[in-house]
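2 protein chains.
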Amino acid sequence: MTDSRTLANAIRALAMDAVEAANSGHPGMPMGMADAATALFTRHLKFDASRPDWADRDRFILSAGHGSMLLYALLHLTGYARPTIDDIRNFRQFGSPCAGHPENFELAGAETTTGPLGQGLAMSVGMAMAERHLNAVFGDDLVDHHTWVIAGDGCLMEGISQEAIGLAGHLKLGRLNVLWDDNRISIDGATSLSTSEDMAKRFDAAGWHVIACDGLDFASVDAALTAAKADPRPSLIACRTVIGFGAPTKAGTSGSHGSPLGAKEIGGAREALGWTAPAFEIPADIKAEWEAAGRRGATDRAAWEARLAASPHAEDFAQRMAGTVPAAALAGIDAHIAALIASPQKIATRKASELALAAINPLAPILLGGSADLTGSNNTRTKDQTTFSADDYAGRYVYYGIREFGMAAAMNGLALHGGVIPYGGTFLVFSDYMRNAIRLGALSHARVIHVLTHDSIGLGEDGPTHQPVEHLLSLRAIPNLAVYRPADTVETAEAWALALADATRPSVLALSRQNLPQLRLTAGENLTARGGYRLRAATVPRAVVFLATGSEVEIAIAAAALLEAEGFGCDVVSMPCWEAFDAQDAAYRADILGGDVLRVSVEAGVTLGWQRYTGTDGLNFGVDSFGASAPIDVLYDHFGLTGPKIAASVKARLQRNS
Amino acid sequence: MTDSRTLANAIRALAMDAVEAANSGHPGMPMGMADAATALFTRHLKFDASRPDWADRDRFILSAGHGSMLLYALLHLTGYARPTIDDIRNFRQFGSPCAGHPENFELAGAETTTGPLGQGLAMSVGMAMAERHLNAVFGDDLVDHHTWVIAGDGCLMEGISQEAIGLAGHLKLGRLNVLWDDNRISIDGATSLSTSEDMAKRFDAAGWHVIACDGLDFASVDAALTAAKADPRPSLIACRTVIGFGAPTKAGTSGSHGSPLGAKEIGGAREALGWTAPAFEIPADIKAEWEAAGRRGATDRAAWEARLAASPHAEDFAQRMAGTVPAAALAGIDAHIAALIASPQKIATRKASELALAAINPLAPILLGGSADLTGSNNTRTKDQTTFSADDYAGRYVYYGIREFGMAAAMNGLALHGGVIPYGGTFLVFSDYMRNAIRLGALSHARVIHVLTHDSIGLGEDGPTHQPVEHLLSLRAIPNLAVYRPADTVETAEAWALALADATRPSVLALSRQNLPQLRLTAGENLTARGGYRLRAATVPRAVVFLATGSEVEIAIAAAALLEAEGFGCDVVSMPCWEAFDAQDAAYRADILGGDVLRVSVEAGVTLGWQRYTGTDGLNFGVDSFGASAPIDVLYDHFGLTGPKIAASVKARLQRNS
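Here the protein sequences line up with chains Y and F, keeping their order. Residue numbers for the first sequence follow the numbering used here, beginning at 1 and rising by one. Residue numbers for the second sequence follow the numbering used here, beginning at 659 and rising by one.
Heads up, some of the hints might be wrong.
[Said to hold, decoys possible] Each pair of labels, with its calculated beta carbon distance range:
id, chain 1, residue 1, chain 2, residue 2, range
1, Y, Thr253, F, Glu1183, 42 to 52 Å
2, F, Asp744, Y, Gly595, 46 to 56 Å
3, F, Ala1181, Y, Thr253, 36 to 46 Å
4, Y, Tyr588, F, Ser1316, 56 to 66 Å
5, Y, Asp633, F, Ala1181, 46 to 56 Å
6, F, Asp1291, Y, Ala583, 47 to 57 Å
7, F, Ala972, Y, Asp633, 24 to 34 Å
8, Y, Asp617, F, Ala985, 57 to 67 Å
[Stated by the list, open to error] Lysine to aspartate or glutamate pairs mimicking EDC-like chemistry, simulated, CA-CA at most 16 Å apart:
id, chain 1, residue 1, chain 2, residue 2
9, Y, Lys201, F, Asp856
10, Y, Lys651, Y, Glu564
11, F, Lys830, Y, Asp198
12, Y, Lys201, F, Asp862
Since the hints were derived computationally from the structure, they do not count as laboratory data. Built from N, CA and C at the ideal position, the CB exists for glycine as well.
The shape of chain Y in the complex, shown without the other chains (with noise of 0.2 Å):
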């Protein structure tokens, strides 16, 4: 039997040798951590490395994510069909799994993708709440895991670690345990340099379980990883550690956090380890005693397995797991859709958009809802919704708090975890706070709808600091998110289908606090899906293509029909979706920009960015500056978007330009 340490210095081995040979990487973390690692994946987690989908396996999440190595190491030790040690050879090369953060897009065995700090926390919290909403629906036999993190001081220093840990400790999540790598030395020094926090008391504030334990010590973090599990509050394990571990010079150092750390001093780790192993080789007793140990859970999981064939839930469950949206709540937006062709409503989108949720919800419960303290401004809560609280998990609509950046990390963790797709509101213009998780849920694939509510200065007198102008645009901007800024109720309603549709990426609905009439009265196919799409044909000679979304397509409609009274022809198109609208076909997007025509933009916000469909010899309409504190009609024509102050510039162009 192969002694602890000497697994967890296998651990150490390949940090440094992967860090080494790719001249860059983090190798203190993964040696400081090595032992409490090992105590957890030997021990404690639930996870069997030949089946990384099984559903009811443990959570692991590498909050501090500059350690991948320390991931990687792990998942190859036990046995995982990835990495393979040539993947640990490319470690930080192109093409390789082992990226220099964890990708869960790229390596199964990676639950997040993780780097920016505190954000995996947050996703635990996520995950841990999945878990329990989960075991609520379909109860122990089928889900009872545990999530378990390991977090850094950096990871613990970042705000959103509070709001994580706040709502964590409010929700009674008592299957999360979080292990502080407590090594006091961050980037630029000893900790000592910018915090001075009692760390057990804060989380003890929060409602969490604490326990201390020497981290470098196998028993005694075996220990305390059993009384955390013990414990009905999340716990949190503070590892007392030494960042680079075994490092004759740099241990103990930052010296050691974020570089090689040099022949010389891997040398002397080697020597100080006793490691005698060469570089990326693992002797073969070592290997197998951790392959045994990433077989541990293949009982469990048979058994599991066999509960599972035997369950009533299987189907659901597993329709569950897989993301299905049922099929009949696809129905219940398609049979909503046509009753508001039937009967028009000029009401908010953010309106519209709880209308859509009231059709969808009854018969979709894998739909976890929620707000960060705006449940009746962002219109997220349907009335069969019951509160998911520490006293109901199989609640399914959630208090976030005012705690934007947390719900949209929670948000990303329970998308990754499986078998729910979350939703949560907050105003547009707070999308700021929450902007790495709305990107790092873009990058990992995870499927979470963003409900983003009083989308433009129509929110009126709340002022500028409330009002966003630049927000669309910047959401734009990040790759694999959709953006939607629907301009009616039939719109509105065609965007949710599409982000429930959407499996491998978030969404944002951008929605009105004002009302607006509806535009579309004749049924169809889902016209959102096109992204842009002739709203309103010219009636005369064409010389006009107005391009609008939202709240301003009305105002288009209203210039178009002055412009026309005077013969100039006006196509409308509403482009509720640059990104699908850029997904078209050439020919389709060629004809609805009309071609050689004056294009015109109209939109509450920046004009920056529609220079792209309008080239440069268009106009531009909407806000290049920050808003003002007024009612709203006062708002819309100082900033010249009314329908005759449009029109009339437009004209003045159309009669210059001829």
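Use these hints to put chain F onto chain Y, whose structure you have.
Frame of chain Y; chain F shown alone:
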């Protein structure tokens, strides 16, 4: 003598009346905190209503900015010139200084712009830092004031609050005192829906003094504020209050939070409070007593002015508070640029920034630098700087810790306090974490310099979580923010000179990790001030204008050289600052953009936005997806950002066009 409750009721009445007249706003918080605010403004806050610009006044920050009527009422009642009662009647109307949320640029007496929750608290940490720093420099005679904050549950649930209180506790900012409006109500209902934190324990864990009082009892608050001032730690004063106090049916409910109470409820409140004066009228005796409170500080202020006049530091202090950048420092930049011209350097622009700072910092004590734990990567610390700490507030370098959002907000507070120009570093990708603070600084006209390094896929192996691609565009979209992406050492120094001189807006310097050749080799004007300029002119008839920024200017030059060798004349325009370029006159811009030629943008980020300059007929080279983990050269080749690849594409287009 009017009793304190009656004084407080004047606030309540104005808040109810203004919100009712505006038909929007937040009466609940002013009504709940009126007594506490009365204690603060009549007994503790050091101010002179006739001189809102008194440098040594206490700073009062309404972090719960939605309760803006509390501030407006206090300023009006105590006799500030604005707001007048007519301003208050015009609450939330266009042009009124009484905006929906407090706006420092509209109203003297509003120290900051607040509304986005948590940030007022975090800005107040910067204010308190500025006070201690200037005290250390100028002594007790000139700088000796407190910073007071009113924060709500929303502020304290936002993650940034943890960053703020962690930093304040670590820095032992004893002159910072926060009144927590502990009303146990948030928008969605009882705070117990979403939080179970023990707030006192949490603040205690961060090194704060915590004291509780009855927020509806003047004497209780008064005693607590006295205790807060006496304690050497920053203080949290937990004021137990009732939201909407006085409203007969809505008090204590979220119904009083964010909507007009309605005539009937207001009538009931007036009756309950014993307030009989008509709407918007304050009885003369009550107004007189409030105005006396507004003059409390006049004697202190006069004494302070006398001390200042007698001080040997008078002129220096005045220059500091005026935000004057010493002429010697600006000359130092010029000398540094001259030295670069004489002896060109191939270094990363982050290193070039360090060299510029080394030329500036010793000559400009007004600068206060820092980093969010990336000092050695951001190159933000110069040798002359000592550490700002609880042991030495005279230090000029702040270890902000892993708290990007908290840093950015604190820098806003430092800038708005006056007497310092803050700069701080992190990676460009993590501008996401602090994005709303960057925005709020832009809205607030705060001169803050954000040093954002590792500005593209050029950072290499750390991979897509750390590689900004959409960030340049999304920052350029923020109004009143200057975004610089210098191409070499000289442009970096020029950008520093411009950022320092820009007193009414923040700046971003986006800087490379990788080394870049010096491209500017002749002395002359600050060309970065032009935003875009012709760096290389075509040597054969011009067919192409390259537009590039930062690290891609070198690549555009390489492509141009290849094309020129084949007879296609190419200008290369360096565009380090779009905002500055757009501010040039039309003739200059037209000349630089080159008229009817093929315009080609080259920037290692999203191409969206560049069509504003290239038109839709141009070519755009960039990165329209997430990056990847690999060495830099592999990535630039993969994304097609090399001279030969770009030249080949451009040539193909030219041949197709001809």
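So, going through the hints one by one against the coordinates:
1. Y/Thr253 - F/Glu1183: 42 to 52 Å: Cβ of Y/Thr253 to Cβ of F/Glu1183: about 46 Å, so the range 42 to 52 Å holds.
2. F/Asp744 - Y/Gly595: 46 to 56 Å: 54 Å, holds
3. F/Ala1181 - Y/Thr253: 36 to 46 Å: 44 Å, holds
4. Y/Tyr588 - F/Ser1316: 56 to 66 Å: Distance hint for Y/Tyr588, F/Ser1316 is violated at roughly 29 Å.
5. Y/Asp633 - F/Ala1181: 46 to 56 Å: 55 Å, holds
6. F/Asp1291 - Y/Ala583: 47 to 57 Å: The hinted range 47 to 57 Å is violated for F/Asp1291 and Y/Ala583, with Cβ atoms some 31 Å apart.
7. F/Ala972 - Y/Asp633: 24 to 34 Å: Violated - the Cβ-Cβ distance for F/Ala972 and Y/Asp633, about 51 Å, lies outside 24 to 34 Å.
8. Y/Asp617 - F/Ala985: 57 to 67 Å: 46 Å, violated
9. Y/Lys201 - F/Asp856: It holds: about 10 Å lies between the C-alpha atoms, which stays within 16 Å.
10. Y/Lys651 - Y/Glu564: Roughly 10 Å between the alpha carbons, so the hint for Y/Lys651 and Y/Glu564 holds.
11. F/Lys830 - Y/Asp198: With a Cα-Cα distance of about 15 Å, the restraint between F/Lys830 and Y/Asp198 holds, given a limit of 16 Å.
12. Y/Lys201 - F/Asp862: 8 Å, holds
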